[in-house]
Amino acid sequence: MISVNKNYCFGLTLLLLFIALKGHGQGPPIFTDTPIMLGLEGRGIRTFGNIVSKENANVYIQPIVFPYNISTKWQIGALAPFVSIAPDGLDSQSGLGDVRIFTKYQIYQKDGKAKTFRGLIKLTETFPSGNSTEIPSLGTGAYQTTISIVNGYVTTKYGVYGEFGYNIAGNGLPDNFIYNIALGYPLLPQKYPPNQLNLFLELNGNYVFGQIGNTLYLSPGIQYIAGRKLLFESGIQMPLDDSASEGQKTNYILRIGTRILIF
Amino acid sequence: MNKLLIILFIGLSVISGRAQDGLIELKGTIKIEVDGLSCPFCAYGLEKNLKKLEGVETIKIDVENAFVLLTIAEGKSVDEATIRENIKDAGFTPRAITKDNDG
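Residue numbers (this note's numbering), protein chains in the order written: chain E, 1 to 263; chain S, 1001 to 1103.
Because the hints were derived from the structure by calculation, they are not lab data. Certain hints may be false.
Restricting the straight-line Cα-Cα distance to at most 25 Å, the calculated cross-link-like pairs of lysine to any residue (SDA-like) are [unchecked claim]:
| hint | chain 1 | residue 1 | chain 2 | residue 2 |
| --- | --- | --- | --- | --- |
| 1 | S | K1048 | E | Y207 |
| 2 | S | K1060 | E | L261 |
| 3 | S | K1060 | E | D111 |
| 4 | E | K113 | E | T145 |
One-sided excerpt, in silico: chain E residues whose CB lies under 10 Å from chain S [as the list claims (entries may be wrong)]:
| hint | residue |
| --- | --- |
| 5 | I107 |
| 6 | P194 |
| 7 | S234 |
| 8 | K249 |
| 9 | T258 |
What you are looking at is a predicted structure, and each value in this text was computed from that prediction instead of being measured. Virtual Cβ for every residue (Gly too), placed ideally from N, Cα, C.
When you get a sec, could you build the whole thing from the sequences and use the hints?
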């Protein structure tokens, strides 16, 4: 029984972490998704390292994301994470986590001079490929389906992004509502080929239904785009609200990543 | 009389077909205003699509002022409708296409 409870706790912890780290792919911004599926956001690969400091564990997650544009309005992709967990008082585990596939379809586009407003629908399916039979588990052990709406208003002066999604989790895990808001501000003049330095301030939230409650992070970040094909980024998520049990709360999440345009 | 009508019909069909296709041949340096061009990192596809056009020599994308300058090689021309189509395929909205006076 204790084992079941521990598995449930680790599964739930991973569910919360994966949702917090969801940024699939198509940044900028760093932690919130974007409705613009062009350039580095539609023709490249993305990987980033997430260093998660929790009260009862240290976790490292390195996802690699492969988006593929069928057209500028329709994208499919996959995300495969390497997960390493070192819980206090238990042996550490590492290996493949839960793999995801996703598709995005742009439903709205209103362009103006040096500005655009776009919206898309995103459907993500998570497969329980991570080992969930041992403690600590590397996966949630549950199939999950997420449907999200992603919007963004981007000008050459600033960008505002919003992502709202509902995640249906199987295997007895609670459903959750994801809400992310981001504000981006370029520090250098906008030119092409890009030489950009961007600042981001994001709010990344997750409300888990049932007794679990809410998690909300304040996430400042910085991003450097070096030419047409290369981007570096880093951000930190600091909890403003964390309703995890005492001893299981998150101290911070540090992300360091890159995106490389290959097509 | 019948022959005259047939010739007239064929002639009008050809003229209206060309007008519908927007077959306007462009030469020299041309300026294309592009809406939705708000982020330099997403302009790669635009550059790539315009590079595909036969006869295009150079491409300059001005993100701040939202236009593209295309230089067409000497003795070559590019169809305006094709340019518009390639810009749409890159995820942007083409607006006015004019001869660049500075070019």
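Practice prompt. Would you mind confirming whether the straight-line C-alpha gap from K1048 of chain S to Y207 of chain E stays at or under 25 Å?
Written response: 42 Å, violated
Worksheet item: When the nearest CB of chain S is found for T258 of chain E, is that gap smaller than 10 Å?
Response: Violated: closest Cβ of chain S sits about 13 Å from T258 of chain E, beyond 10 Å.
Item to complete: Closer than 10 Å between Cβ atoms is the bar; does I107 of chain E clear it against chain S? Give me holds or violated.
Response: Check failed: Cβ of I107 of chain E comes no nearer than 14 Å to chain S, outside 10 Å.
Worksheet item: Is K1060 of chain S within 25 Å of D111 of chain E, Cα to Cα?
Response: 20 Å, holds
Practice prompt. For the pair supplied as a hint, K113 of chain E and T145 of chain E, confirm whether the alpha-carbon distance does not exceed 25 Å.
Written response: 37 Å, violated
Fill in: Agreement of K1060 of chain S and L261 of chain E with the hint, judged by alpha carbon distance not exceeding 25 Å
The hint holds at about 20 Å.
Worksheet item: Does S234 of chain E pass the interface hint, meaning its C-beta sits closer than 10 Å to a C-beta of chain S?
Response: With a closest approach of 17 Å, the S234 of chain E hint is violated.
Worksheet item: How about P194 of chain E: closest beta carbon in chain S under 10 Å, or not?
Response: Where the cut-off is 10 Å and the nearest Cβ of chain S is about 4 Å from P194 of chain E, the hint holds.
Worksheet item: Per the CB criterion, is K249 of chain E less than 10 Å away from chain S?
Response: Violated - the Cβ of K249 of chain E stays beyond 10 Å from chain S, reaching only about 35 Å at its closest.
Hint check: violations occur at hints 1, 4, 5, 7, 8, 9; the rest are consistent with the structure.
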